[in-house]
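Asker: Top to bottom, those sequences are chains A and B. With my numbering, the residue at position 7 of the first sequence is 7, and numbering never jumps. With my numbering, the residue at position 322 of the second sequence is 322, and numbering never jumps.
Derived from the structure by calculation, the hints contain no laboratory data. It is possible that some hints are incorrect.
Below, a list of computed lysine to aspartate or glutamate pairs in the EDC-like style, where the Cα atoms sit at most 16 Å apart [as the list claims (entries may be wrong)]:
{"#": "1", "chain 1": "B", "residue 1": "K282", "chain 2": "A", "residue 2": "E268"}
{"#": "2", "chain 1": "A", "residue 1": "K258", "chain 2": "B", "residue 2": "D235"}
{"#": "3", "chain 1": "A", "residue 1": "K258", "chain 2": "B", "residue 2": "D239"}
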Amino acid sequence: MFKKVIFLALLCQVVPLNAQESDIVGFWNQPAPGLSLGGVAALFGFSEDAIERADGPPVVDFLGIPLNEEALSRALAYDSAILGVPEHVCMRHPSTYSFWGPANLRIAAQLNENLDIISYSVGGTFRRADRTIWMDGRDHPSEHAPHTWAGYTSGQWENGTLVTKTTHLKWGWIRRNGVPSSDQATVYTYYQRNDDVLTITWFVEDPHYLTDTYMKSADFIIAPQGVTTASFDLEAADTNNGVFAECLNRAEIARPEKHYVPHYLPGENPFIGEWANDIGVPIDATLGGEETAYPEYRDQL
Amino acid sequence: MISLSMQFLIKARPILLSLIFAVLSTTAFAQVIPSEPPVSGELEIIHVQGNVWLIAGVGGNVAVQASEQGVFVVDTGANGFGEDVISAIAKISDRPIRYIVNTSIADQHIGGNSDLAILPGGSTSGAGRGARINVISQENVLFRMSVSRGPNGEQIHPQLSWPTDGYYEPQRGQIFNGEAIDIIHMPNAYSDGDSVVYFRGSNVLVSGDVFTNTGLPLIDYSQGGSLAGTIDALDQMLDITISDDLAEGGTYIIPGHGYISDEADLVEYRDMTYIIRDRLQKLIVEDGLNLRQVLEARPLLGWESRYNRPEWTVNMFLEAVYQEFQ
Numbered sequence: 001m002f003k004k005v006i007f008l009a010l011l012c013q014v015v016p017l018n019a020q021e022s023d024i025v026g027f028w029n030q031p032a033p034g035l036s037l038g039g040v041a042a043l044f045g046f047s048e049d050a051i052e053r054a055d056g057p058p059v060v061d062f063l064g065i066p067l068n069e070e071a072l073s074r075a076l077a078y079d080s081a082i083l084g085v086p087e088h089v090c091m092r093h094p095s096t097y098s099f100w101g102p103a104n105l106r107i108a109a110q111l112n113e114n115l116d117i118i119s120y121s122v123g124g125t126f127r128r129a130d131r132t133i134w135m136d137g138r139d140h141p142s143e144h145a146p147h148t149w150a151g152y153t154s155g156q157w158e159n160g161t162l163v164t165k166t167t168h169l170k171w172g173w174i175r176r177n178g179v180p181s182s183d184q185a186t187v188y189t190y191y192q193r194n195d196d197v198l199t200i201t202w203f204v205e206d207p208h209y210l211t212d213t214y215m216k217s218a219d220f221i222i223a224p225q226g227v228t229t230a231s232f233d234l235e236a237a238d239t240n241n242g243v244f245a246e247c248l249n250r251a252e253i254a255r256p257e258k259h260y261v262p263h264y265l266p267g268e269n270p271f272i273g274e275w276a277n278d279i280g281v282p283i284d285a286t287l288g289g290e291e292t293a294y295p296e297y298r299d300q301l
Numbered sequence: 001m002i003s004l005s006m007q008f009l010i011k012a013r014p015i016l017l018s019l020i021f022a023v024l025s026t027t028a029f030a031q032v033i034p035s036e037p038p039v040s041g042e043l044e045i046i047h048v049q050g051n052v053w054l055i056a057g058v059g060g061n062v063a064v065q066a067s068e069q070g071v072f073v074v075d076t077g078a079n080g081f082g083e084d085v086i087s088a089i090a091k092i093s094d095r096p097i098r099y100i101v102n103t104s105i106a107d108q109h110i111g112g113n114s115d116l117a118i119l120p121g122g123s124t125s126g127a128g129r130g131a132r133i134n135v136i137s138q139e140n141v142l143f144r145m146s147v148s149r150g151p152n153g154e155q156i157h158p159q160l161s162w163p164t165d166g167y168y169e170p171q172r173g174q175i176f177n178g179e180a181i182d183i184i185h186m187p188n189a190y191s192d193g194d195s196v197v198y199f200r201g202s203n204v205l206v207s208g209d210v211f212t213n214t215g216l217p218l219i220d221y222s223q224g225g226s227l228a229g230t231i232d233a234l235d236q237m238l239d240i241t242i243s244d245d246l247a248e249g250g251t252y253i254i255p256g257h258g259y260i261s262d263e264a265d266l267v268e269y270r271d272m273t274y275i276i277r278d279r280l281q282k283l284i285v286e287d288g289l290n291l292r293q294v295l296e297a298r299p300l301l302g303w304e305s306r307y308n309r310p311e312w313t314v315n316m317f318l319e320a321v322y323q324e325f326q
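Please model the complete structure; the sequences and the hints are all you need to start from.
Answerer: Here's what the structure looks like:
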């Protein structure tokens, strides 16, 4: 929460008060194309978050994440072999994470007969947990409504920044090495355009796994020539140089047990200390916690 | 000078305490029976997909399949909410109720049986006539409801509320409203009489208390439930469900309590149950921990905050399932 207050204070300083709305509609690319991994990564722009791409971040690297003991227990139980279990193969990047993944965005606005903006559609994140941002003041669904990877999002313009709230999320993760998010997490996302750059900043609040707000940001640059995004239509993907998004649950590894759930028992994760050793920090630092999110934590190392 | 008997007591204290604890624990095993979450929220009707609706806010979730032929109901809510269930069904369809399935004997899934049973010809308007509603359950539910007695020998469940059709085969199928419906016995999950109901055409699975997203698995050992049976049931449901592209939608699930779910939600719950089973296996079978030590080891860490409820706490769950690993 403290981080969010600071962020809002900074926002008020840099955004003209008369700028009520900005034009975020269009194509947005991640800046600075980087690694080319088999041609896939070259489709997307990678920059400061390259460590999150391809195979993902190191396992048991939770530094800077304000996770509690419950989240740590689950994160240490995480075995990436779960990604080969058919029921898990096709899971999308949830809104607690998705802008941190490879994402070339297409943002569109839906207007009513008076040309008021009813909603925005934000599409293009990995495996397409496309987000609809409802701008017409409607309520969030009831507690019995389904939860989705994108969640249910409402938004409003505040001093030139689109501020959104997302609820009804599925169980998911906030980092691709097993740090969990619960189905009761809430994500607040801020879309701020400065000339040709769209900065998206999101805050995850999770009463079950986080002791403080978890904050991340990603920059996108305008791409008037269009961007490549994943398509659900195979023909369109072929003809439009797109990436086919359909994913079907298929067993990738033959296992004797039909419903197998890979995981590590408490104290048996073999990767504890591996990354700590690689970069020369104490193991405790890699286990995260609120204190590791602040610069002064370096003084303790 | 300490007497010999006192010395014996001092030396044997840890053993005696363990014995007392073991006796108390054994006694507790027979008493730890899960309670469903309290009835909360406003009555709500949500169209799930196809011909199936959810009625929420009446205790356990109620599923309704309705079309030209009539109304097929799965579970009847908590005691005292029967009239609410009837009025909600009337908003979905003016056709008569023909069938009810009770997914288990859990209070919040049979509570409205008596109210629905007296509807003339199953008519929610009261204007109908004809045969009473056919109430289906696995036969263990019928058996237990018919023999349950209170402390003074009084019948707990009035005869009017009993199922009229107890099935004993592993699976029963029927067509209603042009839709194939599977009623599948899950032998030892919440109890020994659980059924899940799958509406094939609408692609909606109704799980009863075998799956909820409001708390830890409800397991009643006094009525034949088990953790192993719960995992088997969750896996069997995963064999029924098929998600749409990218692990979302497709088969929808109406859980016993909580929000409308899909396969990914069921996977999350199954994974949790599987991991908890493995942790308990390690602590109890391999390491030989007693119940007190198991509670101290906190094998549910990771889900305690999300699923601990006053009426079915983490410790109650552990005390109930401990016996299964001995």
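Asker: Confirm or reject each hint.
Answerer: Status of the hints after comparison with the structure:
Among the hinted pairs, K282(B) with E268(A) is consistent with the structure: their alpha-carbon atoms are about 11 Å apart, no more than 16 Å. This hinted pair checks out: K258(A) and D235(B) have alpha carbons roughly 9 Å apart, not beyond 16 Å. For the proposed pair K258(A) and D239(B), the alpha carbon gap of about 10 Å is at most 16 Å, so the pair holds.
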